[in-house]
Each structure stands twice: as structure tokens, then as C-alpha cells.
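Asker: Protein chains in written order, with this note's numbering: chain A, 1 to 269; chain B, 1 to 421; chain C, 1 to 267.
It cannot be assumed that every hint is accurate.
Here are the simulated lysine-lysine pairs, PhoX-like style, with alpha carbons at most 25 angstroms apart [stated by the list, open to error]:
1. C:Lys6 x A:Lys164
2. A:Lys131 x B:Lys235
3. B:Lys298 x B:Lys88
4. B:Lys132 x C:Lys125
5. A:Lys83 x C:Lys2
6. C:Lys87 x A:Lys83
7. B:Lys105 x C:Lys91
8. B:Lys372 x B:Lys235
9. C:Lys52 x B:Lys53
10. B:Lys53 x A:Lys41
11. A:Lys131 x B:Lys233
12. B:Lys298 x B:Lys105
13. A:Lys161 x C:Lys32
14. A:Lys5 x C:Lys87
15. A:Lys164 x A:Lys83
16. C:Lys52 x A:Lys161
17. A:Lys161 x C:Lys6
18. C:Lys152 x B:Lys303
To be clear, the hints were calculated from the coordinates, so they are not data collected in a lab.
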Amino acid sequence: MKQLKVLSVPYLVWMVIFILVPIIMVAFFAFTNEDGSFTIKHISDVGQYANIFVHSIWLALIATVICLVLAYPIAFIISRMEKHRQGTMMMIVMLPMWMNFLLRTYAWMTLLGNNGIINHLLGMVGLGPYKLINTSGAVVLGMVYNYLPFMILPLYSVMAKIDKSVIEASRDLGCNSVNVLFRVIVPLSLPGITSGITMVFVPAISTFIISRMLGGGSNLLIGDLIEMQFLGNSYNPHLGAAISLVLMVIILVIMTVMNQFSPDDQVLI
Amino acid sequence: MKKKIFALVMISVMTLGMFGGCSSEEETAEEEEIVEQTLTVSDPDYYTRFKGKDISINVYNWGEYISTGADEGTLDVNTEFEKLTGIKVNYTNFATNEELYAKLKGGGASYDIVIPSDYMISKMIKEKLIQKLDFDNIPNFSYIMDNFRNMEYDPENEYSVPYTWGTVGIIYDETVVDINEEDIDWDLLWNEEYADQILMFDNPRDAFAIAEILLGYSLNTENPDELAAAAEKLKKQKKVVQGYVMDEIFDKMGAGDALIAPYYAGDALTIMEENDSLNFVVPKSGTNLFVDAMCIPKSSKQKEAAEMYINFMCEPDIAYANIDYICYSTPHSAAFDMLDDEVKNDPISYPDEELIANRTTVFVNLSDEANKTMQDLWTEMKSADDETTNKWLVPVFLIACLATIIIVLIRRHIKSKKDIF
Amino acid sequence: MKKLGKIYMALVFLFLYVPIFVLIVFSFNETKSRSVFSGFTLDWYVRLFNNKIIITSLINTIIIAVIASIVSTILGTLAAIGINSMKKVPKAVVMNVTNMPIINPEIVTGVSLMLLFVFFAARMKLEFGFVTLLIAHITFDIPYVILNIMPKFKQMDPHLFEAAQDLGCSPFQAFKKVILPEIMPGVISGFLMAFTYSLDDFVISYFTSGSTSQTLPITIYSMTRRKISPEINALSTIIFVVVVIILIVKNIIETRQAKKNAGYKGA
Numbered sequence: 001m002k003q004l005k006v007l008s009v010p011y012l013v014w015m016v017i018f019i020l021v022p023i024i025m026v027a028f029f030a031f032t033n034e035d036g037s038f039t040i041k042h043i044s045d046v047g048q049y050a051n052i053f054v055h056s057i058w059l060a061l062i063a064t065v066i067c068l069v070l071a072y073p074i075a076f077i078i079s080r081m082e083k084h085r086q087g088t089m090m091m092i093v094m095l096p097m098w099m100n101f102l103l104r105t106y107a108w109m110t111l112l113g114n115n116g117i118i119n120h121l122l123g124m125v126g127l128g129p130y131k132l133i134n135t136s137g138a139v140v141l142g143m144v145y146n147y148l149p150f151m152i153l154p155l156y157s158v159m160a161k162i163d164k165s166v167i168e169a170s171r172d173l174g175c176n177s178v179n180v181l182f183r184v185i186v187p188l189s190l191p192g193i194t195s196g197i198t199m200v201f202v203p204a205i206s207t208f209i210i211s212r213m214l215g216g217g218s219n220l221l222i223g224d225l226i227e228m229q230f231l232g233n234s235y236n237p238h239l240g241a242a243i244s245l246v247l248m249v250i251i252l253v254i255m256t257v258m259n260q261f262s263p264d265d266q267v268l269i
Numbered sequence: 001m002k003k004k005i006f007a008l009v010m011i012s013v014m015t016l017g018m019f020g021g022c023s024s025e026e027e028t029a030e031e032e033e034i035v036e037q038t039l040t041v042s043d044p045d046y047y048t049r050f051k052g053k054d055i056s057i058n059v060y061n062w063g064e065y066i067s068t069g070a071d072e073g074t075l076d077v078n079t080e081f082e083k084l085t086g087i088k089v090n091y092t093n094f095a096t097n098e099e100l101y102a103k104l105k106g107g108g109a110s111y112d113i114v115i116p117s118d119y120m121i122s123k124m125i126k127e128k129l130i131q132k133l134d135f136d137n138i139p140n141f142s143y144i145m146d147n148f149r150n151m152e153y154d155p156e157n158e159y160s161v162p163y164t165w166g167t168v169g170i171i172y173d174e175t176v177v178d179i180n181e182e183d184i185d186w187d188l189l190w191n192e193e194y195a196d197q198i199l200m201f202d203n204p205r206d207a208f209a210i211a212e213i214l215l216g217y218s219l220n221t222e223n224p225d226e227l228a229a230a231a232e233k234l235k236k237q238k239k240v241v242q243g244y245v246m247d248e249i250f251d252k253m254g255a256g257d258a259l260i261a262p263y264y265a266g267d268a269l270t271i272m273e274e275n276d277s278l279n280f281v282v283p284k285s286g287t288n289l290f291v292d293a294m295c296i297p298k299s300s301k302q303k304e305a306a307e308m309y310i311n312f313m314c315e316p317d318i319a320y321a322n323i324d325y326i327c328y329s330t331p332h333s334a335a336f337d338m339l340d341d342e343v344k345n346d347p348i349s350y351p352d353e354e355l356i357a358n359r360t361t362v363f364v365n366l367s368d369e370a371n372k373t374m375q376d377l378w379t380e381m382k383s384a385d386d387e388t389t390n391k392w393l394v395p396v397f398l399i400a401c402l403a404t405i406i407i408v409l410i411r412r413h414i415k416s417k418k419d420i421f
Numbered sequence: 001m002k003k004l005g006k007i008y009m010a011l012v013f014l015f016l017y018v019p020i021f022v023l024i025v026f027s028f029n030e031t032k033s034r035s036v037f038s039g040f041t042l043d044w045y046v047r048l049f050n051n052k053i054i055i056t057s058l059i060n061t062i063i064i065a066v067i068a069s070i071v072s073t074i075l076g077t078l079a080a081i082g083i084n085s086m087k088k089v090p091k092a093v094v095m096n097v098t099n100m101p102i103i104n105p106e107i108v109t110g111v112s113l114m115l116l117f118v119f120f121a122a123r124m125k126l127e128f129g130f131v132t133l134l135i136a137h138i139t140f141d142i143p144y145v146i147l148n149i150m151p152k153f154k155q156m157d158p159h160l161f162e163a164a165q166d167l168g169c170s171p172f173q174a175f176k177k178v179i180l181p182e183i184m185p186g187v188i189s190g191f192l193m194a195f196t197y198s199l200d201d202f203v204i205s206y207f208t209s210g211s212t213s214q215t216l217p218i219t220i221y222s223m224t225r226r227k228i229s230p231e232i233n234a235l236s237t238i239i240f241v242v243v244v245i246i247l248i249v250k251n252i253i254e255t256r257q258a259k260k261n262a263g264y265k266g267a
């Protein structure tokens, strides 16, 4: 078996050049000036944008909680269906994910506009028009819409493994429905909940498309801030790298916390 | 370079179509006569030098800034160029000067043609991002009007060939905004009566200029206090602004999603064709006059082919086709002559001398320091919270994370001790 | 209770699908309006097929996805076999690095690769474009391949490979006849996952593409930032239909195979 180690060499070389070195470069850029000298100015400058971090974390949290609340019953219902219907149902859940997320977000742009369909329909009943697009609410909606299946999938795959007999046993032992839910199903589905939360929270906190398309440019998120420094209106890759570094640390912390809740010691950090 | 004038009809599409003119006058509903744009180039030999050599050039232009042949009977400029010269055109778009700058400054991407505005051109000259042109290869430069040569941003006229010019003004819905045209000023964009119906520029330079004019400063001010005051002014505007946009304006204003927006005169005319109730006005306290010009970045590997492209853009037929489609004002004498009188006399496209002299200012490049200040203020302004989110959230969040980690670790520790026994 | 569940499911599905159906309906709209349906037309589809930029970027996307997924499957499969035979500590280190592109926000991966390419571009003759896009795609594809293959080793007897060699197989034969068949399902699912991620990626491509070789998502993005044409709706409709067809075909094949397997077991 030892000789097989050689096979991984091409990948290891690739990994070092294209995964490790770039991350190190981000750190290097974050701690240097244009002339290459060491500075912590950019890192401390990130503090100026604390409110953007707050705003992003806040919106991503709301979106994650909504996703969890929406997804949990769905995953449970599907996991209790007959086997062959489960597959079809999950296919229906995942199908929108196959469309590019730009198109899905664009769809909401057309729905939420001041003259969009929703306001148009409301207008027919004599209501509105309401300001729907370019609000924080619209950004959260976009996140929920785009990432909901990311929450349903891990929840479902964990719940599908819960044996029916476990639930029946707990009932026989005198649990009522609420007790079954909180003492049996929730603890057993904890790994699904944690991986669902990370799968929604991480992309939500770092998106820049959803906030740009549905937030109208006044709901900046961390992702927008990073994009602005590299390809947008305020070119400053060193600050951009510093923000990226801070974002990475935040995510790392969250992942570590989340991993403490999942019983199986997965490779994830 | 031999200067034989040789007429060659490259294409003649005989189609009946709607006239896509650029006049702000209300157009009568009846369909106009045939519009068939044809292309005649002055020196076809010049254009065939690179045929069959499998060359391609990368053109980086503003969105909606070239004739694409989308309207029937109009020329698709890039396709015509490819047909004529055999050079492949990779055409991509940017939305703001700053975006273009980031792409060029960042390095890596190589472009052969870019079309920045005045102040950005001088900045790029200063930072050596664009290179000197060989005007022997651009004979059609002779068509450029005298008053658009040797502009302040390129005093010796070595780096750029003007493409279009225009003013910035306010597009607004006449049927809703009940103010006389002459009385409209930039403060309309702060008017709470139209809250959430107002759009704003999504780039620092244009947005700051508006605030600076309103506050009575020069729009080329470098005074940090004045810049800070302008940023404060823009912050106050946030609560009435529906969104910060660039070319998204076409749709939003065209469809009536918003009622008031500052934008460039040429695009305003295009939007007004779609939506009759819109009007465009240059506010009374003055505005910015811009010139966009074609340049070749330092990183270009096909300089001669790029110069050929610039020359092609200055062919009277092509210059006319572009101007006719994008509705901006032209610095090209032959293209101007080809325009309808109605357009030539349109005060929006071609305002009178008096207005240009007294009420417009051209941007100049700011010092690096002022640019940096403006950018920082811009980011700060954009990220300023209108809704008050709790400032304690992040610290609390981080502490909570830390606490959980510690608790979990302690629990593990206890567990592992238990396991031993 | 059951009924309530059904209503709830219906509502969530409605939430997931209504936006897409609205897109589809308005791809047939005569005017550009996005709220009033005024008449049926196929014009936008005609325009879409005549839109050179969209067609070339579609071709680019497919070329990049195919090459990237093949290369990453080969590299990833070899890597997975190698990693599996490593000692515990190096294995953990390599797997943690491998996980980085998955855990990191896409924007950070995109930005980090962009910085690397800029560094190379300044020193070598590297230009942002096809090559950088391809490298970026392979980089974020490989971890998915590896993660799909690794669990398969857990089900495999670690001594099989040695046993095969003891019985006279050359290492290559042993690899081909013993290891490969065991991990094949993982390789295939890894390949498919890499392919779909490549097709769909926007953020990383956005930071690593240059003046040439735009991919379809990038083109879509620049379309949404200008005058919006219902061509986008037409494009969405086509993508949706293609996806539905692929999934239905996949489903049919799977059920057939399941039946076949069941048949064997029965016999």
C-alpha cells in the first residue's frame, strides 16, 4: 500500500501552488503596503467597516434561521414518506439549484420591482405599491430562496437514517409528540442541523450578488466590500485582502463551533 | 500613407425599420422612411493588412456604448470590423471608470482598446497605464473637431482619440415632478416628496460632483473638509434613494420603476425614446461636461490592430452609426454633419455655447490623496446604516463563539477523564 | 396533521418554483415589460440564438467544464488513492488543506487565486483568460472529487491491493483490477459534481477571468447590469428545460437499474 503514496504527488504539488500559496498571498497582502513593507494598517482599517460586518452577520443569521425553520418540517415530512417518493421529492427540492443562481436572483428582481408583478397584482386589489426591492428584507429573501435547498438536503439525509422504530419506541415509552420531537428527533438530526447552518451561513455572509441585485447598492455586505477593493469602485487590494482574512477567521471560528456539535469526527478541521 | 479615397460599399441592408433617432422632440407616431445604414471606408487597403493573420483584439467599453445592429437597418460595428479586417474582436463591458481602472491597475487582463473619461485618462497617463498612439495609423483623426483636440486631460493629444462627449443632468418624470424645467436643481435628488423614487450614481466621482455643486464647491475640489461635507450630504440622501445604479437606470427609468435619476445626456435620450413622460434637464447650478476617448493600454500586444480599430471607429459611417444608436454627442465633424437637423439643434445633445461656457466644468484628475479620501468616504457613505443595527452584535457574537468553544472543550476534557476510568 | 403537512409542502414548493415560472412565462412576452403580459412571441429565442456573445460564452463554459472536470477527476482519483495510504498525521494535514476551497467563502478563493495570477502575470507571460479560468476551475473541482472518493476506501479491505500483488499482479494491474472497480462509483459522482460546479460557477470565475473567454454566468451577470433584455428569460427557460430533461432521464435510468438489481437478487 505504501507505494501508492506516490500517486498523490501531482495533486500535492497542485494543492501547494493553487490552494496554500494563494491563501498565504492573501495574508501577505493583508500585512503589506504597496511597496511591500510590513504594516498592520490595513487590518486595523477593517475596524472602520465593523458596521458592514455587523450588517452581514445579522442578515446571514436571519436568513439561516428562516431557512432552518422552513426546512426542518419539509425534511421531516419527506423523510417519513415512502422510499421511492422520497427520491422524487428531493429531486423537486433540488431542481431549482441547477439553474444558475444569477438567474434565480434575477427572477426575484423582476418580481419585487416597484412596477414588478407583486406590486402589479397588489395594485389590482387596490393596495400598494410597496417598496420591496432594494431593502434588507429583499436581500434576506434572496438568501433564503437561494440557499434553502442547502438546508433541506443535509437535514433530510440525516433524518432519512432515523429508524421509524426509534420513534415508535419512544412513544411506547410514554413520550408525547413534543417530547418525541425535542428528545429524539432533534438530537438525532443535530449533525444535519449543524452542516445545514454552515452550508447556508457561509455563502450568505459572503455573497455580493444578492446584495447588489436585490439590495440596490445601499445594503453593502462583506462580499461587496471585498469585491469593491479588487474589481469595483475603490481599488485597494491590500485592504481587500485584509477584509478577506478577517472573513476567513470569522468563518473558521464558526466552523469550529459548529463542529463541536457534530458527533462524528469529520475531517472538517 | 497614401490617401486615396476609394468608396466601397460593404453592406447595404434594405430593411424597413423604425427610425431610432436621438431627438428629444416628441416624435410623431408615423413610421419614418427607410433607414439603411451603409458602410463606406476611406481606404480599404489600410484595413486589410492583417487579414488571415488570425489576430484578435480585446475591446473594453462601457455598456450600451456601441452600435450593435439591434435596431433594424443599423450597423453592427464590431462585426463589420471583423468582416473588413479579419481581426477578431473580444468585446467586454465595464460600468464605471473606477472599475476600468481596477482592471488595468490590477494587471493580468490585457486589453487593446479602452474608453475612459477625461479625468481617468489623465490619471492613467500619470500612472503609465496607457500608451502613446501613432497617429500616422489613425488618419481619420482629421475628422475630430478642433475644440476636442489637445484637451486638458491630454494636452499634447498623444494618448487619446475622443469618442463622445456630453453633459450630466437629471432625468425625471414630467407627469409627476411638478417643477418648471428652468427651476430644477440638484436638490431635487434630495426631495423627500419623491422618497424611494430617486436613483443615484453608483460611482464616487459622479456622485460627489453632484453634492459638491449643491454645496457650492468646485467639482474638482481636493479640500478634505469639502469632500467630507459632500460625503455628509450624500449620506443625508440615502434615505430618499431607492438604489445606487449605473446602467440599470435604463430599465428602472424606462419601466417607471423610479421617477428621478441623474445620468448622462446621451443615455437619457435613449431612455426617453422608451418612456414618453420623461424629460432631461441640466440643473441650473451647473454640471459636469465629460469627454470619453479611446485609448490603448500599455499592456496591449496588438497596438497596430488597436489603432486600426480606433481609425475604424472614426470612419464617418461608423461614427454616425454609433452616435445614432447611443445618442451621445459627437466630436466627429463628418458624423455630426450626417445627423438630422432635429438632432443637431437638440439642446440636450448639443447645448449652446453659453451653457457650456457658464454652467459646465470638466473633471480633472485629483491628487492621489484626494482620490483616496474620496474613495474612503464613498465606502463609508455606502455602508452607513440607515437602519440602526446593534453595534454590540459582533463583539457579543464573537464572545459567544469563544464561550461555546471553551464549554465544549471543558466538556470533552471531563468526558475523556471519565473514559479513563 | 397530514393535510397540514401537505399544504405546507405545497407552499414551500410554490415559493421555490413561482419565480422560475414567471421567468419562463415572460420569455414569451411580446414587449419588454416584466409585469404585464401583452402577447405571445418567440422573438427573444431567435435573438438569443443570434447573440454571438452568449453563444460563445456558452461554448467556453462547456469547454472549460469538460476539461476541468476530466483533469480534476484524474488528479483527484490519484490523490485520493495516495492520501488513503498515508499515515494518520500527513493524511489529516492534506485533507484539511483540501477542504479549504470548500469551507472558504467562494469570494475568498476567487480573490486568493486572483492575487496569485496577478503575481504570475507580472513575472511570466501569463494572461487572464482561458488558462487562469481553467486552473481556477480545476482547483475548486478537485476537493469535490477527493471527498466523493475517500468514503469508498472505508468500505474496501485495505489488504486487497497487497493480496492481488501477492497473487502475481503488477502494481498497475492490481490498481486497475482491485482498487479502481471499488472506488468507481465515487469517481463518477465526483466527476459529475465537478462538472456541474464548473458549469455553474460565477464568483471564482468572476475574479479569475480576463478580457477573453467569458463564461456564461459572467455574461449573464454583465447582462443584468445593463439594459435587460428578455433574452435572459429565454435563456433561463432553455436551461430549466434542459435540466428537467437530464434529471428525468437520470431518474429513469436509476429506477431501471434498481429494478434490474432487484431482479438479480430475486433470482
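Asker: Hints first: check each against the structure and report whether it holds.
Answerer: Hint by hint, here is what the structure shows:
1. C:Lys6 x A:Lys164: holds (20 angstroms)
2. A:Lys131 x B:Lys235: holds (20 angstroms)
3. B:Lys298 x B:Lys88: Judged against 25 angstroms, a Cα distance of about 20 angstroms means the pair holds.
4. B:Lys132 x C:Lys125: holds (23 angstroms)
5. A:Lys83 x C:Lys2: holds (17 angstroms)
6. C:Lys87 x A:Lys83: Violated, at roughly 40 angstroms.
7. B:Lys105 x C:Lys91: Violated, because 40 angstroms separates the two Cα atoms, which is more than 25 angstroms.
8. B:Lys372 x B:Lys235: holds (18 angstroms)
9. C:Lys52 x B:Lys53: Given that 25 angstroms is the threshold and the Cα spacing comes to 22 angstroms, the pair holds.
10. B:Lys53 x A:Lys41: violated (50 angstroms)
11. A:Lys131 x B:Lys233: holds (23 angstroms)
12. B:Lys298 x B:Lys105: holds (11 angstroms)
13. A:Lys161 x C:Lys32: violated (49 angstroms)
14. A:Lys5 x C:Lys87: holds (10 angstroms)
15. A:Lys164 x A:Lys83: Since the Cα atoms of A:Lys164 and A:Lys83 sit roughly 13 angstroms apart, the hinted pair holds (cutoff 25 angstroms).
16. C:Lys52 x A:Lys161: violated (49 angstroms)
17. A:Lys161 x C:Lys6: With a Cα-Cα distance of about 22 angstroms, the restraint between A:Lys161 and C:Lys6 holds, given a limit of 25 angstroms.
18. C:Lys152 x B:Lys303: violated (55 angstroms)
Comparing the model with each earlier hint shows violations of hints 6, 7, 10, 13, 16, 18; every other hint is respected.
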